[in-house]
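Here the protein sequences come in this chain order: A and B.
Letter by letter, the first sequence follows residues 74 to 187 in this note's numbering.
Letter by letter, the second sequence follows residues 567 to 676 in this note's numbering.
None of these hints come from the bench; they were simulated from the model.
Careful: at least some of the hints might be erroneous.
[As the list claims (entries may be wrong)] Take a look, some chain A residues computed to stay more than 10 Å from chain B by CB distance:
| hint | residue |
| --- | --- |
| 1 | K117 |
| 2 | L143 |
| 3 | L164 |
[Claimed, not checked] Cβ pair distances, simulated, as ranges:
| hint | chain 1 | residue 1 | chain 2 | residue 2 | range |
| --- | --- | --- | --- | --- | --- |
| 4 | B | T661 | A | G101 | 45 to 55 Å |
| 5 | B | E605 | A | E141 | 23 to 33 Å |
| 6 | A | K117 | B | K637 | 33 to 43 Å |
| 7 | A | V128 | B | S594 | 16 to 26 Å |
| 8 | A | L143 | B | G621 | 35 to 45 Å |
| 9 | B | E581 | A | D136 | 48 to 58 Å |
[Unchecked claim] Below are the DSSO-like pairs computed for lysine-lysine, each with C-alpha atoms no more than 30 Å apart in a straight line:
| hint | chain 1 | residue 1 | chain 2 | residue 2 |
| --- | --- | --- | --- | --- |
| 10 | A | K156 | A | K88 |
| 11 | B | K624 | A | K117 |
| 12 | A | K84 | B | K608 |
| 13 | B | K623 | B | K588 |
| 14 | B | K608 | A | K151 |
| 15 | A | K144 | B | K608 |
| 16 | B | K634 | A | K117 |
| 17 | B | K603 | A | K151 |
| 18 | B | K663 | A | K151 |
| 19 | A | K117 | B | K663 |
No residue lacks a Cβ here, since even glycine has one placed at the ideal position from N, Cα and C.
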Amino acid sequence: EAGVAQSPRYKIIEKRQSVAFWCNPISGHATLYWYQQILGQGPKLLIQFQNNGVVDDSQLPKDRFSAERLKGVDSTLKIQPAKLEDSAVYLCASSFGLVQETQYFGPGTRLLVL
Amino acid sequence: GENVEQHPSTLSVQEGDSAVIKCTYSDSASNYFPWYKQELGKGPQLIIDIRSNVGEKKDQRIAVTLNKTAKHFSLHITETQPEDSAVYFCAAHNTDKLIFGTGTRLQVFP
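In isolation and in its complexed conformation, chain B is listed as follows (with noise of 0.2 Å):
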């Protein structure tokens, strides 16, 4: 079945700097990967998704990018402020189900 692994666990960035988060899935049939970000005592929330005929999806602060070949795949928020911080998990959908990552604790320092 499909594994995804996601680092780093936690990241703390200055406000205004940039954040990457990766994440690696072993499917090679998983062709939708989205991104969610987890706000305490909220459930997951989309925030982009990226399908396996692109290779880079961009919306204003946010891009994911995509490498089938070697089956890894980055979140990058730019210009991070305060409301960026949260718990953010990457997911890979097979032709079966959608599996999580374990979570990505971002914390944005002003």
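Extracted from the complex, chain A is given alone in its bound form (with noise of 0.2 Å):
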């Protein structure tokens, strides 16, 4: 069985620019979440979808992240524009349903925001 696929794995840009992240989930997993984890610490929940509807996004800075998952498969995370403090690990994980289900995590995507 595939696992969670992330892209890209590694980014370098400079503040103010934007840049967009990709997650394919688990094949069959409804629910799909984004996580930031930054240097030294847990991940940090971002946004969680079930299907392609939002469940929790109380800890998105909406005023510069947003994200998708238009057909309730693949989603998008971005972020624009970019600050310093952005720099971190953007984690996928995906999970058959809702409630308490085990989460399974992609790679991650590595961004430096110089």
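Using the hints, put the two chains back together into the complex; each one sits in its own frame.
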């Protein structure tokens, strides 16, 4: 069974530029999550989708971050404009269901904002 | 909301020794507690989890214990091997979301 795929793996941009990350979840998984992991910390949930609907985006900085999951499968996370403090690893995870299901993580995209 | 504290932040053990990592949580509604292992440059990988209707779960060299009254849970790794070296995260899931601890960097010296 293929795991969660993410691209790109690494990205370096200058502040105020925009960047987008892509995630393909495990086939059949209805729930998709985006996490931000700052160096030395645990992952922090940014947004959670159930199929193509948003379940929780309470911790997403909506003035600069956006995410979509148009067909209920792949998802993109965008940052525009980026700030220095956005430097982090962005992890995508998926689970079969919604309530306390095991979450499977992708390898992450490491973002450096200069 | 939920808050998860994890200790210690770093742990060094000799190969063959045991390692114990402890976590506490604040929300009594939390009832699912996974543990993840994260190796350098990789995403977190689930190694074991426990639900609130059991007090202990074991999988080969790894075990997790849960004390709901005290709101704490622990990861036990026995007969540690160099390949166990990684960062370990505990997490607690209440009705809303999964909240992670701050991680424990485990180093196993041969």
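Structure-based check of all given hints:
1. K117: At about 7 Å from chain B, A:K117 fails to clear the 10 Å cut-off, so the statement is violated.
2. L143: Since the minimum Cβ distance to chain B is about 23 Å, A:L143 lies beyond 10 Å and the statement holds.
3. L164: A:L164 not clear of chain B: closest Cβ-Cβ about 6 Å, inside 10 Å.
4. B:T661 / A:G101: 45 to 55 Å: Once the Cβ atoms are compared, 24 Å apart, the range 45 to 55 Å for A:G101 and B:T661 is violated.
5. B:E605 / A:E141: 23 to 33 Å: holds (30 Å)
6. A:K117 / B:K637: 33 to 43 Å: This hint is violated: roughly 21 Å between Cβ atoms.
7. A:V128 / B:S594: 16 to 26 Å: Taking Cβ atoms as reference, A:V128 and B:S594 lie about 23 Å apart, which means the hint holds.
8. A:L143 / B:G621: 35 to 45 Å: With a Cβ separation near 44 Å, A:L143 and B:G621 satisfy 35 to 45 Å, so the hint holds.
9. B:E581 / A:D136: 48 to 58 Å: holds (49 Å)
10. A:K156 / A:K88: Roughly 5 Å separates the two Cα atoms, so the pair holds.
11. B:K624 / A:K117: Satisfied, since the Cα-Cα distance of roughly 27 Å is no more than 30 Å.
12. A:K84 / B:K608: This hinted pair holds, its Cα atoms lying about 15 Å apart.
13. B:K623 / B:K588: Holds, at about 15 Å.
14. B:K608 / A:K151: holds (21 Å)
15. A:K144 / B:K608: holds (27 Å)
16. B:K634 / A:K117: Holds. B:K634 to A:K117 sits at ~24 Å (cutoff 30 Å).
17. B:K603 / A:K151: holds (27 Å)
18. B:K663 / A:K151: With Cα atoms ~22 Å apart, B:K663 and A:K151 stay inside 30 Å; holds.
19. A:K117 / B:K663: holds (10 Å)
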